[in-house]
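**Student:** Hey, can you work out the whole structure from these sequences and the hints?
2 protein chains.
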Amino acid sequence: MKKNQTQKNNNSKIKLEDIKVFLENNPKTFKENPELFELVSPPSRSKNNLIDIQQHMIESLQKKTADLREKNSKLILLVNENEKSQEKINTIILNMLKTKSLEEFINLLLYKSQKLLDLDYVNLIIEETDNKKQFQFDKKIIFTELKRLKPFILEKEFIFLSKTSRKNEFFFLGTPEKILSSAIIRLNLFNKPPASFFVLGSKNSDHFDEGQGTELLNFLKECIESYFKLWLKL
Amino acid sequence: MKKNQTQKNNNSKIKLEDIKVFLENNPKTFKENPELFELVSPPSRSKNNLIDIQQHMIESLQKKTADLREKNSKLILLVNENEKSQEKINTIILNMLKTKSLEEFINLLLYKSQKLLDLDYVNLIIEETDNKKQFQFDKKIIFTELKRLKPFILEKEFIFLSKTSRKNEFFFLGTPEKILSSAIIRLNLFNKPPASFFVLGSKNSDHFDEGQGTELLNFLKECIESYFKLWLKL
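Chain order of the listed sequences is B and S.
Offset between the first sequence (1-based) and the numbering used here: plus 1288.
Offset between the second sequence (1-based) and the numbering used here: plus 1288.
Watch out, some of these pointers could steer you wrong.
It does not matter which identical chain is meant; a pair holds if it fits inside one copy or across any two.
Stated by the list, open to error - With a straight-line cut-off of 27 Å between C-alpha atoms, the simulated DSS-like cross-links for lysine-lysine are:
{"#": "1", "residue 1": "LYS1509", "residue 2": "LYS1421"}
{"#": "2", "residue 1": "LYS1491", "residue 2": "LYS1351"}
{"#": "3", "residue 1": "LYS1372", "residue 2": "LYS1359"}
{"#": "4", "residue 1": "LYS1359", "residue 2": "LYS1316"}
To be clear, the hints were calculated from the coordinates, so they are not data collected in a lab.
What you are looking at is a predicted structure, and each value in this text was computed from that prediction instead of being measured.
**Tutor:** Here it is as structure tokens:
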């Protein structure tokens, strides 16, 4: 709207963008032609016009500087958080590669990974089937009816990040800590039932969030699958 | 494209007089587009002290803004580069985890990894010992006398990044491409001779640089060691 107005009032073919480019290319325009200041609003009230204009410039620049500083801090924060996440994921993967048996591997997934990933709950959730015994690798593993797991079995979707809600809270019933956010990772292990999930829970409601990237968790998922298959000789 | 076009128009058409006319016809231009103030350099010869001070502030703020913009761009570039490196390393590790034998693993390290890591040369360099045959996993592997490798056998130092120099060029003699920068990764495999190295070379002299972080290459190193040990049953 504003832009249109400006363009409408203009008699020649020059547009606002042209003015910007010209001033960028000729930074001394105003310095060398101070009479231009008279054309700049606020309209001249007094001899103080230049001071007003400078004040305006200073405020605009201060705002811009503050914005850029904030953007910078956010970027640095993001870089640091990514680095920490990467470090955690890489540590668990290095530990995984050092396991020498299915037992050691399951032990790492079900118990040690909780601390390594700085979480309040981790577990394997497996679809309840007739041949359940085959998958009872550890007493901690929970078996659940397919009906409940169905919302998490979607083609091409393997990572579900969210705050805890009615949709996923059944994964975390009876956990020692109240789980407020989670990552549900569907493992692609058997190409047939039982469906299986590696679930991560945090009592921090912001630990996992739909908006987060899933590249690292995807990497973890694929490493877990490979190592599971190695030890299960699949 | 757009910008170039505008600049072209600017060079051919717009003159200082046009700016004056535009501003006269559109007195609210600066008010409605305060970012234009950043492009304005104030007149310098004022005797008024306040104006001088303000001018100083403006120049200082303009410099600060430009600095912050540059810092921001650099940060974003860094984030993107890190993401790409991480992706490459994670891809090679996922491929490693899918190998089903020592042969497949060696094949990945010596051949496929070159493309996956976007490099011009990769190889395993092993210290020449009497039991050399034991380590001749593939004809590409090069055996080298300990004397030459000694500068790269330092306690607690495992990753050597640098431009190619007399110190490390022997790793890359007879390579199809002239190698201008490299990462020499000492593998901790046998706890005794032969010393062994995974070497990465690029014809781009900036691909590897002493100033770079080595976290990702360290992660790759440890994954390779674990998988080597798995397949060698060490």
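**Student:** Each hint needs a verdict: does it hold in this structure or not?
**Tutor:** Comparing the hints with the structure gives:
1. LYS1509 / LYS1421: within (24 Å within a copy, 38 Å between copies)
2. LYS1491 / LYS1351: The answer is neither: 38 Å in one copy and 45 Å across copies each exceed 27 Å.
3. LYS1372 / LYS1359: Answer is both: 20 Å inside a copy and 22 Å across each meet the 27 Å cutoff.
4. LYS1359 / LYS1316: between (29 Å within a copy, 25 Å between copies)
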